[in-house]
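Chemist: One letter stands for each residue in the lines below.
Number of protein chains: 4
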Amino acid sequence: MFLKAFIWGEKMNNLRLAKKKKEKTIVKVGNVEIGKDFVIMAGPCSVESEEQTITIAKYVKEAGANILRGGAFKPRTSPYSFQGLGLKGLKILAKARELTGLPIITEVIDPRDVQWVSEFVDILQIGARNMQNFSLLKEVGKVNKPVMLKRGMHSTIVEWLSCAEYILNEGNPNVILCERGIRSFETYTRNTLDISAVSVVKTLSHLPVIVDPSHATGRPELIPPMSLASVASGADGIMVEVHHKPEEALSDGAQALLPEEFNTLVKQVRNLVNCMKDINPYFVKERK
Amino acid sequence: MFLKAFIWGEKMNNLRLAKKKKEKTIVKVGNVEIGKDFVIMAGPCSVESEEQTITIAKYVKEAGANILRGGAFKPRTSPYSFQGLGLKGLKILAKARELTGLPIITEVIDPRDVQWVSEFVDILQIGARNMQNFSLLKEVGKVNKPVMLKRGMHSTIVEWLSCAEYILNEGNPNVILCERGIRSFETYTRNTLDISAVSVVKTLSHLPVIVDPSHATGRPELIPPMSLASVASGADGIMVEVHHKPEEALSDGAQALLPEEFNTLVKQVRNLVNCMKDINPYFVKERK
Amino acid sequence: MFLKAFIWGEKMNNLRLAKKKKEKTIVKVGNVEIGKDFVIMAGPCSVESEEQTITIAKYVKEAGANILRGGAFKPRTSPYSFQGLGLKGLKILAKARELTGLPIITEVIDPRDVQWVSEFVDILQIGARNMQNFSLLKEVGKVNKPVMLKRGMHSTIVEWLSCAEYILNEGNPNVILCERGIRSFETYTRNTLDISAVSVVKTLSHLPVIVDPSHATGRPELIPPMSLASVASGADGIMVEVHHKPEEALSDGAQALLPEEFNTLVKQVRNLVNCMKDINPYFVKERK
Amino acid sequence: MFLKAFIWGEKMNNLRLAKKKKEKTIVKVGNVEIGKDFVIMAGPCSVESEEQTITIAKYVKEAGANILRGGAFKPRTSPYSFQGLGLKGLKILAKARELTGLPIITEVIDPRDVQWVSEFVDILQIGARNMQNFSLLKEVGKVNKPVMLKRGMHSTIVEWLSCAEYILNEGNPNVILCERGIRSFETYTRNTLDISAVSVVKTLSHLPVIVDPSHATGRPELIPPMSLASVASGADGIMVEVHHKPEEALSDGAQALLPEEFNTLVKQVRNLVNCMKDINPYFVKERK
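Protein chains in written order, with numbering that gives the first Met the number 0: chain A, 0 to 287; chain B, 0 to 287; chain C, 0 to 287; chain D, 0 to 287.
Read the hints as simulated data drawn from the structure, not as lab findings.
The hints are all genuine.
Copies of the same chain look alike in the list, so a pair counts if it works inside one copy or between any two.
Dumping the calculated DSS-like pairs for lysine-lysine here, alpha-carbon to alpha-carbon at most 25 Å:
# : residue 1 : residue 2
1 : Lys244    : Lys287
2 : Lys284    : Lys18
3 : Lys266    : Lys284
4 : Lys284    : Lys57
Nothing here was measured: the structure is a model prediction, and the numbers come from that model.
Given the sequences, and given the hints that come with them, work out the whole structure.
Modeler: What follows is the structure, encoded as structure tokens:
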């Protein structure tokens, strides 16, 4: 009768490579060590133009971001929405990296693109909608670049870790997890940030975990408190959308921070990271 | 402040090809007209062997099924679970079709496989986990075979129709929708069958809609009442998993009907379809 | 580690009086036997005035309803919304009963009101928001009137049955369950009708179960297909909101059927009930 | 067609007394000012015996808690579970207050008990299952004691604030909100802590908001990181279950912290509260 529990138990046993071990995974990207240093990824939702991307890249670099984000391939609900600049977008990102020194992360959505896209970027991102796109997971498991795996908006934590297992099982050890909010009945926020998922991942796995408060809340005013909560929960970093002209953005402008807001946020986050240095949020042992 | 409503409204406007029009879409497959005749798709979750598939195919044919289902590519939560027989499975399905005359439907999970898989089968299925795999949707939009699009377990009805729009927009008019249960807090059933989604699709779109009570409930004892409820709600068909040795099945055996159970179910369903002939469940107009 | 499954298992063991037994519970109300005859409860959401309630009562009587519904105490999200007419409303309901012969059902929301309200009505209703108001459950367990217990919009089926257990345990055997939709991420419908809950209740318990498609969907055009689906799933009845002037209703007017729509619905439902007479939707046994 | 958004907009307009104003509400209890000082409420889930309650009360006092929690009336899923000691429990709590000086908070579940229970305790708690028990809300709105209103596990933030409005509207200005997790599809944790709800309340209302990580997670090892995340999000306090013999607890023992764990937690939390003194998590304005 206890159908789900059974299936779930079975799934836990399948976390062979993703489950907790002595050493935490540390993913080196440029001069950041994700899993050790607190990492701030920032940038526009979509790469819209060279001018837009480079302007924002300079802002976030100056504010103290470690990695530049920007989408060249956009999975959009509607076929009539902006689908991203593709190769042109990747070239713009590469130029932004050259100018700012920031490593770049971008989403890949098609298994046929994995190899060539991986040559342009420093981290490949698997988006929430593709979390269980197993063909894609297997492909990114074969390349020599770190992969950031977003949690599906409908996915349990154990399913999420099982998807990390797919990548690890293909031989790529550099997997970063990203909690970006789940679907619930609450409609005030775009999604519901499952902050406890950060903690669960910390207790079940050795993989670093990042929080994306921009997609989780969909509201700029909630991004700073949720970023700070992420730091305090023990997350290894945040990913934040920034745009200097949000009202003109081709996607998700409504949730972007302005550069000056992002600047203040980075200061707050770095302060809190320092405060947390001597606090170990994970001192209580799981009951048997 | 009303973030979601806004996004949702915007999405509704994007249903250009999927939205209701004068004529219902009728998808001809073999001698069944889906959208006009009530269609019963049945077969094993996975193609496991020639013997298994052909045995079940004969059972469901004799019981009165119209279409044979069977998975050759299986999207599994764990990389260590049975992943399907691939090409070998397709050949087995083709043989089963030859022997029984039943058209076949199978899931495709990789855009690189769409062209060649489509030559083996009569209907291509997009599974729930791939509902928003837009690369895959675009590929199945280009082939000359009907596509059955399952609703994502986390997806709103409007997002589901938007994914149908992706396929229609590539030029393939033969899209069949399939409600297979959504995720909720209820754990007694595998998923929660959203029977009202059948009705919503009927009022918003011209596309036929099938119900999969096997995945929706995960419990054999609930499949007959949910199949009958689907008929009464106005669904255009059902898809049911059948296995003669469920305890040996390589996937989802726990939810399969036995052949004799399926046999009785088909009789009940056909009786109810006849009863429903003169009842139009959609006589009340939407309020403005 | 399997926290929820454990708690759930424990809860199942607590269904001592509500769990399935040889005989189904049949609740006699007037000349209807709920659990044996298919029952149609109908009427306005709120009792607003004598004229309104009696007009609607006559309509639904003539159309073939068995029981008149109408709220005198309204649990409203806002303190500034219409809260019901209270005693005055009960007197109007009693008058409507006198004129039409229809037994009446009304919601009670305060344990202090249970005794005296029960003298006015034929069935006491516990609303979804009060499903786990245990003080109220204990009070209705002590009176000599049938109780209809709506499922909480957030409640698992086992929790719902546990609340029935509270009533049964106080000595009142006449409990009727009512599925009225649960909360999910879907926003197109007011709630998500969990039609499989009807089936689960049928397999776990001896209590009759009614479906409320009005609250489950919140949309008039979906009420007929969902009513028919309820019949086919094996439900023991439906409860439908009817209003002759929905645009003037003080609560939930948007989801009310017009009298002529209700009239057609009753005919369809009765036809389908006849069709279902020889079909047993519950012939498949639960696997061990 | 946009049903829910409409209802939701309507509800927002009903937040007359609860909505943001110039001054934050500060609730004085003993020598704590909730809304100004960070408050730590702690104690057993249930008052089980004098020895148990006083032992735990002394532990939490010494560790630095501000307020003692303990249930005398327990809303339990099953009628056969421990229902609380009632009056006897209140007397034990009163004794614990006398010995430790800690103000006490306890849940009230029946409108008939509100007056007399309020004479025993310093804060009345409305539990999640009773959030929309409007009779109860009206009663606690009439007494001269602060009320802590837990969010229903199924309730939107706006519905929660509307329930605060019910209390405020009866004349009681001392309302404290408490986020305790909502229901989602995730089963690893008992509930899903909606940490963004803290932030939303801070931007929509003047009321203080507390987080209950014990009920939100159901797992001791997650309580410290979620407590710290609550501090960083700007919450006004936490409520934590502590038990010196969790394996013997009559309710919710599995999620209780041990006294020494609670002791460390208080130190961590107070440290972080100090760190946060100069950080304003709410510096970004809502977009229009």
